[in-house]
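K.L.:
For reference, the chains in residue letters:
There are 2 protein chains.
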Amino acid sequence: MKLASLKSRGRDGELCVVNRSLTKACKATEIAPTMQFALDNWDDVAPNLEKLYQQINQEACKQAFPFDAKKMASPLPRAYQWADGSAYVNHVELVRKARGAEMPENFWHDPLMYQGGSDSFLGPCDPIIASDESFGIDFEAEIAVITDDVPMNIEAKNASSHIRLVMLVNDVSLRHLIPNELAKGFGFFQSKPASSFSPIALTPDELTPYWDGERLHLPLLSTLNNQRFGEPNAGVDMTFSFPELIAHAARTRQLCAGTIIGSGTISNTDRTKGSSCIAEKRMLEMIEYGEARTPFMRFGDTIRIEMLDDNGQNLFGTIEQTVQKLV
Amino acid sequence: MKLASLKSRGRDGELCVVNRSLTKACKATEIAPTMQFALDNWDDVAPNLEKLYQQINQEACKQAFPFDAKKMASPLPRAYQWADGSAYVNHVELVRKARGAEMPENFWHDPLMYQGGSDSFLGPCDPIIASDESFGIDFEAEIAVITDDVPMNIEAKNASSHIRLVMLVNDVSLRHLIPNELAKGFGFFQSKPASSFSPIALTPDELTPYWDGERLHLPLLSTLNNQRFGEPNAGVDMTFSFPELIAHAARTRQLCAGTIIGSGTISNTDRTKGSSCIAEKRMLEMIEYGEARTPFMRFGDTIRIEMLDDNGQNLFGTIEQTVQKLV
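Keeping their order, the protein sequence lines are chains B and E.
Sequential numbering from 1 applies to the first sequence in the working numbering.
Sequential numbering from 1 applies to the second sequence in the working numbering.
Isolated chain B (complex conformation) (with noise of 0.2 Å):
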């Protein structure tokens, strides 16, 4: 089923069904009043949730009303936990060998991940508000999923059945902020404000044929102020499975129904895909031409994410966010 939250007075919105097509939306309050009220009792609302859903795409639901992206808050507008993995392995290589470094072997064999911030996401629709436009502002175009409860040290084997929901992200990321909060050794803060999510989390049997239970096979659109960006395939030179990712996550701790686990920018080694953020197609002209000639975003510049499947459906919605300046 499809799944999105109506932002409202209330600070983690109206949860609500819309249909396959993308049409229509309805409200689900009566089910469960928010995503994390879902989540956190999903054996019990999942099946009315599932009916509403059948519901809707019969056209059955009297409440129904137009389906808007610009209504929609993230599906969770705020979250208990946020951790963002760099799945694609031949990304980080890339930007190392941008400036001259070596990539530890055994970052092929466990996963980089760091924990981001979940208080406050922005909507699919809402601005990227940056007070600098020096700071280097960049999209990062990703694939998350929402797990349930997963109890501390699973194994990736048995990590899969806790996937209960898919969305999009954009990782918004402030490149000039990173070097100097980096070498402090504590990770991303200031480099890493809110990110979005696409208007839509899917569950995984709604995107059969390309969810393998560990992978999504289909290529992430990034379009960048009218102009496609990048479209790698998400199941494509994806290291680490999101299985393996929700077990590095959890080897030391449980994790709490509503965590929500990152790819990270996804990339193709098929380098005519293009790049789903800035940095790397940066990365690649320094490599081919000795500096970086695409620049970051600046004030009033728009990125748009979406994923379609192989007959042009839009999956989860599209993110479409511009760039302004804080007032």
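To be clear, the hints were calculated from the coordinates, so they are not data collected in a lab.
Everything numeric in this text was worked out from a predicted model, so none of it was measured.
Copies of the same chain look alike in the list, so a pair counts if it fits in one copy or across any two.
Computed cross-link-like contacts, SDA-like style, restricted to lysine to any residue with a CA-CA straight-line distance of at most 20 Å:
1) K7 <-> D149
2) K24 <-> Q55
3) K184 <-> L112
4) K27 <-> Q58
5) K273 <-> T239
6) K184 <-> A101
7) K24 <-> L49
8) K97 <-> R293
9) K27 <-> P47
10) K325 <-> M152
11) K325 <-> N153
12) K184 <-> R251
13) K184 <-> E105
14) K184 <-> T239
15) K184 <-> R96
16) K184 <-> W108
17) K7 <-> F37
18) K7 <-> A64
19) K273 <-> L94
20) K97 <-> F186
21) K325 <-> I154
22) K281 <-> E93
23) K184 <-> R99
24) K97 <-> T269
With the hints as your guide, set chain E onto chain B.
P.N.:
The following block gives chain E in isolation, referenced to the frame of chain B:
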């Protein structure tokens, strides 16, 4: 006032007020069902919580029951944000010195802070569960504040008024997992399992005259296996104040109500005050004896963390946790 969260069937506990002498508690669920709800709606609910707090202190609360820290969850059993600073820079310098490294000069001006996991905190008397003793299990005794909504790019001079509550923290750390994890460059993840907080959170006014709006001027007592381990004064040698830590966290993004900001391990340059974590004691031993002599925690070891006022009154209740093997 003094607030706590009683463990219950739900994931977020039931909000209680606790009397000043920590002998009685009373559910406040009719005013606000959970601590997060109270923080989300502070201006509306705080006056009513204050009334209930006055009643319980006047023994005028019929539903009061004996306060028992063991029945409490952390004040926020799960939170939308836990950001931990490292405000006692002499501690950071010491850690570097023990491994023969210079500390960059800017560490005195630019706070260290990491994004911690906040999805499932331990209760103040819950066991610290680990799958392997060889992880190098350590406690870290700290102070933390909980904020209301903080706007992006706030100045430190305006941040103090956003502090709603003050707590103690045990920021459990797995020391032997840290070097590999930090070497990867993305900060802590597996090396920082679930933290726990004091059973009670206090409004700043309750800490008069020890709270000056920026720092808390009292010794923090750590007791390991019934032996006094440290009693450094939290108001001494705190290079960055809480308002400065909040401003650092909010530089590129707003902070949602219920954000927890930690001080980092309390540490005084006066070494007779002992330490607030085993790692620091080991560093001092290495400098003095050329080898660390105090082992990290083993299964069965117990850590107690608490703060008394000048009259010996326990202010926050006691964190008391025993390390247990994951079964």
